Amino acid sequence: MIKNKRTHLEINDTLIILSSIFSMIVIAGNIFALKFTTIGPFSTPAGMICFPFTYTLGDIITEIYGYSIARKVILMGLFNLVLFYIFLKLVIALPPASFWHLQKEFEAVFGLSSRILLGTIVGYLSGELVNSRILSFLKYITQGNIFVPRAVASTIIGVTTDTLFFNIAAFLFIIPFSILLPFILQQYLLKICFEIVGAFAAGFIVKKIKKTQKIDIIDPYHFKWIEKYKKNQDGETH
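Counting in numbering that gives the first Met the number 0, the sequence shown runs from 0 upward without gaps.
Source of the hints: derived by calculation from the structure; they are not laboratory data.
All figures in this text were calculated on a predicted structure; none of them were measured in a lab.
C-beta: ideal position from N, C-alpha, C; glycine also.
Warning: the hint list may mix true and false statements.
[Stated by the list, open to error] With beta-carbon atoms standing in for the labels, derived distance ranges:
(1) 144 to 173: 42 to 48 Å
(2) 15 to 83: 18 to 24 Å
(3) 178 to 113: 35 to 41 Å
(4) 196 to 16: 35 to 41 Å
(5) 41 to 92: 42 to 48 Å
(6) 196 to 167: 26 to 32 Å
(7) 81 to 209: 31 to 37 Å
(8) 110 to 195: 20 to 26 Å
(9) 175 to 209: 45 to 51 Å
(10) 207 to 40: 33 to 39 Å
(11) 107 to 217: 36 to 42 Å
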């Protein structure tokens, strides 16, 4: 006889939807990054149009469900991305059919180099985790107030980490530094502009979800050192 230890499992549909969209955009952004485009005076990988949405979604998930859940979503996005590349390499390795003559073109488009993949993983993981951690920290400090300024501040730091780590890991010593530096700055400025707009959209969505689901988690566990510091300070003053 099987005994169920848990008789009730609460499934949050909104979190599942947000997590699914997050992983989809992470994978799509890496595919689109294989194309370069020009937006006004800026030249950038086309995948740049996707990654601001990952930060916006990350802000929403962190703000509502807390850093612990957001970290799991970020790691799941990384797992899905790596799994996608494994299957992609397997598909490339499969022998083409005799009537299909686009193997070289397929490899040229999807045969991502190991450095690009490394840069993607390092940039994505560091940027998203830094963004989520700082947003959660600022929420704890402000007790959940001023979401938009917090989201913009955390995203600026996260995007800085992401952009630097990705471009250094992927392109350093491949692209001349005189070209790489302006290229990094262009990406950075575009991402920040998109993120500022995204923060206001995220603020609207966060308010709606909090109101309908009555969920608003602050992560005190991750910031026990703050409480310890406060107690020590109070002890010294007395």
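Inset, instruction - Determine whether the Cβ-Cβ distance between residue 41 and residue 92 falls within the hinted range of 42 to 48 Å. - result: At roughly 36 Å between Cβ atoms, residue 92 and residue 41 fall outside 42 to 48 Å, so the hint is violated.
Inset, instruction - Return holds or violated for the Cβ distance of residue 15 and residue 83 against the range 18 to 24 Å. - result: 19 Å, holds
Legend entry - residue 81 versus residue 209 beta-carbon gap, inside 31 to 37 Å or not: This hint holds: roughly 33 Å between Cβ atoms.
Inset, instruction - Take the C-beta atom of residue 175 and the C-beta atom of residue 209, compute their distance, and say whether it sits inside 45 to 51 Å. - result: 48 Å, holds
Legend entry - Consistency of beta-carbon spacing, residue 40 to residue 207, with hint 33 to 39 Å: Holds, since residue 207 and residue 40 (Cβ atoms, about 36 Å apart) stay within the stated range.
Inset, instruction - Using the beta carbons of residue 144 and residue 173, state whether their distance is inside 42 to 48 Å or not. - result: Hint holds: Cβ distance 45 Å, inside 42 to 48 Å.
Legend entry - residue 195 and residue 110 - C-beta distance against the hinted 20 to 26 Å: With Cβ atoms ~35 Å apart, the hint is violated.
Inset, instruction - Take the C-beta atom of residue 107 and the C-beta atom of residue 217, compute their distance, and say whether it sits inside 36 to 42 Å. - result: 48 Å, violated
Legend entry - Cβ distance range 35 to 41 Å for residue 196 and residue 16, holds or violated: Check failed, 22 Å falls outside 35 to 41 Å.
Inset, instruction - Take the C-beta atom of residue 196 and the C-beta atom of residue 167, compute their distance, and say whether it sits inside 26 to 32 Å. - result: 27 Å Cβ-Cβ, so the 26 to 32 Å window holds.
Inset, instruction - Look at the Cβ atoms of residue 178 and residue 113 and judge whether their distance stays inside 35 to 41 Å. - result: With Cβ atoms ~22 Å apart, the hint is violated.
When each numbered hint is compared with the structure, violations occur for hints 3, 4, 5, 8, 11.
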